[in-house]
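Trainee: Okay, here's what each chain looks like letter by letter:
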Amino acid sequence: MTDAIAVHDAQLRFGQTVALEGVSVSVPQGTCFGIVGESGSGKTTLMRAMLGLQRLDAGEIRILGTPLQQGRAALTRRARIVQPIFQDPAASLSPRSRIRTLMNEVGTVLKEPHAATHERLLVILKRLGLPDSVIDKYPHEISGGQARRVAIARALLMKPSILIADEPTAGLDVSVQGDLLNLLQDIRRAQNITLVVISHNLAVVRLIAENAVVMRAGKVVEIGEVGALFGAPREAYTKELLAAWPSVTHAASV
Amino acid sequence: MSEAIWALKRICSERDGRLGLAFTIAILAFALLGPLVSPDPNVLDIKARFAAPGVAHLLGTDNLGRDLLARTSVGTRYALTLAVLIVVISSVIGSLIGIVAGVAGGWVDRAVTAVFDIVNAFPPLILAFALIALYGKGSATFVFLVTVVFIPQFGRMARARARTLRNLSFIEAERMLAVHPVTIVVRHYLPNVAGPIIVLASMNLPVVIAFEASLSFLGFGVQPPKSSLGTLIKDGFVSINQSWWPTITAALVLAVATLGATLLGEALRRVIDPKSAGAR
Amino acid sequence: MAISLRNLSVDYSLPIGTAHALRDVSLDIQKGEMLGLVGESGSGKSTVAFALMGLLANNARVTSGTATIEGRRFDLTRPNATAPLRGRGMAMIFQDPMLSLNPVFTIGTQLIEVLRRRSPASDRKTRMAQAEDALAKVKLGNPKQRMEQYPHELSGGMRQRVVIAMALLSEPALLIADEPTTALDVTVEAQIMREIIGLRDRIGCAVLLITHSLGLVTEHCDRIAVLYAGERLESGSVRDVQRQPGHPYTRMLFDCEVPIDRERHADAAQNRFTVIAGELPDPRRRPPGCIFNGRCDVSFEDCAKVVPGDYPVAGNAAHAARCLRLVTP
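Protein chains in written order, with our numbering: chain A, 1 to 254; chain B, 1001 to 1280; chain C, 2001 to 2329.
Extracted from the complex, chain A is given alone in its bound form (with noise of 0.2 Å):
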């Protein structure tokens, strides 16, 4: 089976900086696939790459086997496929639109008559439990958990079959983050769909993701299935990472 995403020896420079170097990492369809790493170390360019957001000074991705275009005619095609989920959901929804134009904005590239694109609003919104009084709220008439909800909704209502989530805990406190983290767990087994998780968290990326890179000043430090790279890592770096993650449960045991 085609790989949902296939990036081969991604290279970025940002002037001096290098952003990627020599990336390659495959996603297989349906699983969930982290990408860990602290500051600068490439994680989100790595994203924004596979989202289009940021082309490659070489190197090469494929979204189902089909290389990232420029224009609108493929944007439109992959905007089918691939949705983003960015950092902060609440701010990725336009401040002065009500919640039904951002959905029915959809609907108009899905060129589907908005009454069915309301028709299947109401299901998503039903499955992420938000109540239908949002449809006529603005972003910020509802509260930052709504909001958060309110992007994922729109972004399945795109039908993706792979979603990327940028820091999908980032802000949010240990007692409502598992909230998010099972909504996304649900939604993916429920759909089939291929997920990415962006994130500095590796407790969270080593529980829901059955394969994970370890990214570091723009490389790939070590890349393979969670067991293995959490419970046997290879390289220097992810051992630090792993050591220096401070845990309750180190102290359990007193």
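Be a bit skeptical, because a hint or two may be false.
Claimed, not checked - Derived lysine to any residue pairs resembling SDA-like cross-links, with alpha carbons at most 20 Å apart: (1) B/Lys1009 to C/Pro2015; (2) B/Lys1009 to C/Gly2017; (3) A/Lys239 to C/Glu2263; (4) A/Lys219 to A/Phe14; (5) A/Lys219 to C/Val2186; (6) A/Lys239 to C/Asp2261; (7) A/Lys239 to C/Val2186; (8) A/Lys126 to A/Gln146; (9) C/Lys2144 to C/Arg2127; (10) A/Lys219 to C/Asp2185; (11) C/Lys2139 to A/Glu240; (12) A/Lys159 to A/Asn192; (13) A/Lys239 to C/Lys2144; (14) A/Lys126 to A/Ile142; (15) A/Lys126 to C/Gly2278; (16) A/Lys159 to A/Ile142; (17) B/Lys1226 to B/Ile1046; (18) B/Lys1009 to B/Gly1195; (19) A/Lys159 to B/Glu1172.
Claimed, not checked - Selected chain A positions facing chain B (in silico; Cβ < 7 Å): (20) Ala74; (21) Thr76; (22) Ser94; (23) Val106; (24) Val109.
Hints were generated in silico from the structure; no laboratory data involved. Here a beta-carbon is modelled for each residue, glycine too, at the ideal position from N, C-alpha and C.
Fit chains B and C to the given chain A structure using the hints.
Mentor: Okay, now just chains B and C, sitting in the frame of chain A:
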């Protein structure tokens, strides 16, 4: 609409805002009602030259015996109309050019920015003389001139806002959804550029009023027998030894108008765009 | 006892009404000890630091509270109550080191200024040497060269080290660290925590670590206080609290932490994350009874009516929790 009421409430909640609003309302009332309670501004009452304020002429008369209340209020009306017209035209054109440049980036952006720089490189008064030499004196020239001078200001601000918006996740999300670029500009850029543009427009009103007055004072603006604040000050200035009334009245109106508009603009900025307030 | 904070209550006046950010919060920190004040957003944990430092926003009002620092008592309801201590008795490390550093002065100038204020008699040469020594102690490489650099020339982690060096030089009795590592990468976080502990051990001060991370607290702190919606629900030694949480909120919070060594289950349905359902109570109107009542998984009838006091957990006077279960047979 509720936003406008909210903004008005916020403006009234501080002293400068209240003062600005009061001054502005006073000037508007003066411009609108003045001509109704005074004689024709161009009728000469030779017997009553340089009359002090009185029952016949509430604000006195000028060197030709023309009613100063009538002339000043008509001049104010003229100045306000011009100012609003110019600010509206230049802000709309400027925003559109600016957003297009900011969104498109690349050579379009560089070209537009270069043109803005060229226009801004000329001191407004010098540019005014050049254009007046080309097209002659008159209101149309004036409107055209000041609009040209102001477009880059609005254009720059709209462009800067658009550049910032371009990298915000809600715009990127729209792009990732393959929403049509025109829809993105109209629905998602424009409303988010509008706030600072409105503020800049309100702050530019007094600048245009003062600019018109200076051009008229120099004799390049309104032509007699029409009156404007600038010509009134100039005419009064010539005969200030006989009577200081005309100059003082017109200057006072000019001061109140610009001060009111400035205070109101500043207050509006604190309401709409609190981050940039005080940064100027 | 180095530091004791008693009955701190802080109100914020907001357009929507008066929000009670803290209600009767008391803390004790011994010399040479690190207390971890844990809370989620909305718990009021940073307000504790700001109230102690006298850095509260204009719309905040301390309605009650006293602090005892090195035997001196301060009435926190008075404006600038702790001003005499700022920079000498107390030092603070913020999440953003640039809040403590002046961008237009070199690192050296700022360190020397700290020394000048502390001991006006010493000469410049001694101060230079002391400042360089402090930078070396917080493991900032090339201290001589760093002295000449400006804050913007350093990375986030290095800036935080400079702030720790400043704290080191001011030799405070109490060091308040408000989310000192939240903006930093994990590997840098571990190093910065080591430097803070090193500072504490060197000058024997009390440290108040304010954080949302239970992991940091269990790894580095001696004692823990758990704050929820402006109330201290539990306090005790990290060991005791972790072994037997006295409050359901503490237990649930520990359950939400994802341990780094938790292995992925082959059956995806098993890889669930724990969540505390419900939302924070309205800070303007405290619900009757226990503040955590709406979200608790073991609440009973009385929880909605009776406001619990601080009861000892397992007969241990040094471990207290605000839960009626502890006194209900």
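Trainee: Need the list of violated hint numbers for this structure, in ascending order.
Mentor: 13, 16 and 20
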